[in-house]
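**Q** So you can see what is in the structure, the chains are spelled out below.
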Amino acid sequence: MKLQKLIILILSIFSLQIAFAQNQEIRGRVVDESNNGVAGVTVINAANNRAITATSDNGNFSISVPANTTLIFKAVGFNQRRVTVRANQTTINVQLSSTEDQVEEVVVRGYVARKKETTTGSSFTLGEKDLRDVPTANLEQLMQGKVPGLNVQVNTGAPGFRGSTQIRGLSTLTTTGSGSESILMPTSPLYVIDGVPMDADRASEFGLQQQGPGISPLSLIPPEDVQSIEILKDAQATSLYGSQGAYGVIIITTKRGNSPVPRINYTHSTFMKTPPKLRETLGGNLERQLKIWQIYNNARIQGEIDNIMNTPMLADSLNAFFNNSTNWQALYYQNTFNQNHNLSLDGGNEILSYKSNIGYYGETGVIKNTGFNRYSANLRMDYRPSKRFDFTGQVFAQLGKQNKGDGTGILQTGVSTGGMNSTLLPPPGFFNASADYISAIKTKNDNSSKLIRPYVEGKFEILPGLRLQSALSYEFASNNEDRFTPAAAAGQFSEVYSFAGRESNLYNRNIINYTRDFNEDHNIFINLFNEVRHNQRQNSITKQVRTPNDQFEGPLGYDGWFSRGGGILSNFRNEKALSFALATSYSYKSRYIVDLSYRIDGSSANGFENLYTKNPAIGVRWNAHHEEWIKSVPWINLASLRFTWGVNVMPTSSLERIYGKYDISGRYNQINGIGINYEFIPNPNLKPTTSMQYNAGLDLNLFNNKIEIIYDTYYKRVENLLFESFLSNSTGFDKLHSNDAGLANYGHELALNIRPLPAASAFNWTFSLNGAYNRDVLLQLPATFRGQFIKWDGGPDLLHSVNRVGTSALSNYLLQNVGVYATDADVPVDPTTGLRYRTSDGTFFQAGDPIFVDRNGDYILDQRDYARSGNTQPLWTGGMQNNFNYKNFQFSVYASYTAKRTILNYALAQRLDLFRNPFGQIIENGVITGNGGQSVVPVDDLDIWLQDGDIAKYPYPYDFSRNSSVRPFRYDQTLWEENGSYFKINNIIVAYVFDRDFLRRFKLDRFRIYASMDNVYTFSKYSGPNPENVTSLGRDASNGYPVPRSYTLGFNISF
Amino acid sequence: MKISNNIRLLCVILSSYSLFSACSDMYGLPEDRDFISDKIDYTNKILEPILGRTTVFTSMVEDNSTLPMKFEIVNARYGDGRPVTDIFTKAPTYEWIQEYDGLEKSIAEIEAKRKLVEKPIFEVDSNGRLILWASANNKNLKPRPVDTVLKTQDIRFFDIKVQNSGGTQIIKDFQLIPWTQRDYYPDTDINPYTGGKAPDPQRPKDTTRQDYIIPSSLTNVIGERTQLPLANNSIKKDVVVYIRPFSGGKGNSLRIKFLGADGKFINPVKFNQTKWDLLVHGFNKVMNPEYVQYDVAYPIPLSNIKTDYSNGGTAFFTINYSRIGFGGIRQVGQLSLNYRIYKKGDWEIVFHFRNENPKFEDD
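Chain order of the listed sequences is V and R. Under the working numbering, residues 1 to 1055 are what the first sequence spells out, in order. Under the working numbering, residues 1056 to 1418 are what the second sequence spells out, in order.
Honestly, the hints are just simulated from the structure, not real lab data. Virtual Cβ for every residue (Gly too), placed ideally from N, Cα, C. Wrong hints could be hidden among the right ones.
Stated by the list, open to error - To be clear about the criterion: a stretch of chain R counts as covered by chain V if any three or more of its residues have a C-beta under 8 Å from a C-beta of chain V, and this derived list gives those stretches: (1) 1097-1109; (2) 1143-1152; (3) 1178-1187.
Said to hold, decoys possible - Quick look at which bits of chain V chain R covers, simulated, 3 or more residues with Cβ under 8 Å: (4) 487-498; (5) 787-794.
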């Protein structure tokens, strides 16, 4: 309501100011220096910077504008021209002069704007149009499939959380978590938002079991406020950003005021989110019958059949308590309706311009009791009193509120186990409800991330070509989480948990740069800058159990007995960093360009042995299209070759790793002693990780810019990777951090952009295709491992992983499953002892059991039978965009794909394992303590062994009696390995822009309506729910948050 | 001019193509090879098997080396450097084709599940298991010296070469010190060094006395003369067992006999509760007043699987009889034996009631 009033207020103020003007019809022609018509010239109204029309094939155009409007004529390869329409003028003929600089695209390098043509690094730019029409909490989701080499996996649907983002393959070997929850340590690129670097991984130190709100800082940026995003990929481009840029750099530029007439833009969308198809379940009597059938036909001893009598859920079918058919999943999942509002106001001229953007985004999760709301207000002001002085002030204020229910956000374990309850159990009612349900639905969870970031920047040109620039920003973020768990969900006593965290980042940058042309042909550019950073973070938690009751949530007194501790989390940080960088560039006639840069980074986290890291880079570029002999080839508009080399050095050390960790370790002579923590041995020689990259690229624009090709190939060598190795217990310490691991990534990236139809036709089609092939190879491990390291998983899932030199860096270490024994006679017999192949507890395999390859040939299945298998990282990623425009209609289809990746389908493993215990009794120390009971699912669609002679893929699931010995559905086997390739239609967008003349009657400048669908369909051979909704190690943990589909209706309106 | 431009263009395209396509070879990446650990070893490198039976040593520690690997016995030599060749002697031995399950109905059915193959008496198989086959006996592989003094020059040493595509490792200095053949178990009556009679543990120096095999259980067997339960302990041994070959059989027979204190054989029928058909996995049972005889397949048991005749490791049987004891209580007398016989032949198992016969009559 408030928002509507505000809109009306602002509307009424500005409608007074806009004077009514009579439109006049104007026809004209745009020609080049030799009087040939120029097609595809954009005609822009300078007052609001909006394109009105484009010229036809022979250069003609016709428009209808009020008198005294200034028009801008813009085309690739020509200098732009401004023309003001006089009263009663009916024709305008414009001659454009061609420019030497065919591509005037401007990019930012080292915080200074440069012409893209003169940069040697590899980068890719996305504009405003690539990001609109799909309301999303997270900006990264919109970049998926649009940038070659940027691998975005939307692997969680949790509102406010982010998936994984990688530029050019793997940069780490560190994994966190265990079992199906283990993930790769995120190595996200550095985000530079309007000139201020931001660490996107800041909420993810604890893997999936994270603490605190976990709201990704990227979720706080409203996509509507983004002008452009540039992705820097090679080391030449990123080296100026120093150690933080080792994983690539993404530069986000927000919109700024750019219209003499104040403009109001309002974007609204209403969207529905629907959960994906849920697991099919056999309900009620079907479940009971199946379980009883299973027991009768698979019991080995009489006692197992008799046990039915001890299981009232099965035996007492007439008891109303057990006579149910509850759809548990429906109790947790829902369709939701959500809204997104964004209002921006901008205006100004060359001297003073301003912008404000206010946004609200609300999303209720498809899992009940989860959701995310974003409130944002971004203000910007640019003041330019003279050509030599420039001043910018900007404030970002953002608030994210989130509800995680009883899960950790990405993981919703409670919902996942609750959804598998037996359908025979009664649904939650007035007198009775399962603890899982109460916990998931009634847990009160309140998270918020508040962020405010003022930014000021001043520029001054001391002498012609010599500029001084200084910027200062201070970011303050406060993160809180409060959780109240009601008594019924926590062992009859309510409990509270609280998280409080704050983070601040003081950032200052000073730049001095000089540019000069000599004799028209030579240009030099020198840029020297320094950066100062002070980053502080402190998070603490507290937990109290057995609080008085459900009605009293606080304030609570202190109780040492029921306090479950907490304290400051280990991601405490107080880092001071200082950097100096020098970038020089020389170009000869814009044809030959050499870039040299050098940066040193010092950080208080590095330790004195390696206080400063050094990041050199070199790049050359040849703009062949400026060569006279290429100019004579008419179909080449642009042809450039680029070669770069660069190094990014990133400290992986922390003071703890270098100097050891000291704890209060007991009392000695009445004095508290402080001693070293024996987990890690200090390693003062720990070196920073070095990432060296070669890049070769080719840019081609052909056939009058109808075809654009960007090709890059690279070789990235990451050395001195941090690697934990275990020490012999005689050293006293458990582990050593060494940095002798190294890996290489090499690959190719191609982006193709085709506009096959003539620029002037009413029907316009843009087709973009991009793909990246990346292969990672482990180069080296610490010498003690002699080329192989196995990370044993101590958890129940036994999901070990292996790193072996010369192979893909992260592979699974699994038992090889090659089918199912069709008959008992198929089980191999040891010729020496005459015994059948058996498990380590001596259970012989039989028909219907999985065939595990006996790698060591001792006819016993044990951990020596594991083998390296699969590649957890995708080899191919990319996407495809199709844009159709016909007059005022727009139709767009965006797709992305990932190919050649191994994923482990644990969703299926879990589904088949539901047959493990048909009684569902919870037995503790031989005493039946409860009736759990899990639902059963139809498995008719699967290729399952059912009787002697069946050649099947999946083992017999019903043999509950031997299940705990044979474990046919154990996680650590290749049966679950599937090809994780998918082709996903991310978005389909239909939009219509109303005619200007029509709109002018309503005093509107622009009105566009659109409908879109997000996460439309995934084509994949994967048999699990979603090949993308898996962890970064390719494990489909079924307790993850499903990725919803959304349907959107929305509009943009401008005054 | 036009032509030369195109040639220049072609040159540029070709050279840039060749640059870009120079793929992974250029990067000098390490090869994808198997992993072989330098910690690969055997936890037990001194092998002391007993001849005449198949012994499998599975103590290899691969340390996660990539399997399968190739194993080879190399540098077999005695402690003084003389080469060892006898361990490579070939001899026929049984290999299983199918699983023996104890349900076979005839000897032929059992024999169809295994085959005789000619192979070295000692070998390392493709999985690193060291196997001394049952075909190794006192004749083709000299056991350790009977005088119990083990000299280095009597020990057979060998190394094992392990290979996969990751490299080669040599595991050095295995020792093979076989014990002399003991054809049956329990073998408490055999001296393991000489193969002769085992001395009486009570008086080891007295060569006129010896140790005996005793039944695995002896309960409720009442002496005819003393009316006391028969017992085996360190002072007296009322019932002992002889496992010995006999002559005149078919070459694959097993007899069970009961020898009384008076030197006469007791009629097996007197052990009236015994399930004679389930005693051993044998066929063509012959019962007469002296013995019960079966045709069997050797070794007994055939494998370590649990069957009606075997408890998984050893074959076993129980001899029962019942009578009305003192006070009108029915007493079931029981004798049982866990045993193994490794060598094919005609064997008899004799229960010798040394001091008095069991009482079969009711009280």
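**Q** Each hint should be assessed against the structure and marked as holding or not.
**A** Each hint tested on the structure:
1. 1097-1109: violated (count 1)
2. 1143-1152: holds (count 3)
3. 1178-1187: holds (count 6)
4. 487-498: violated (count 0)
5. 787-794: holds (count 3)
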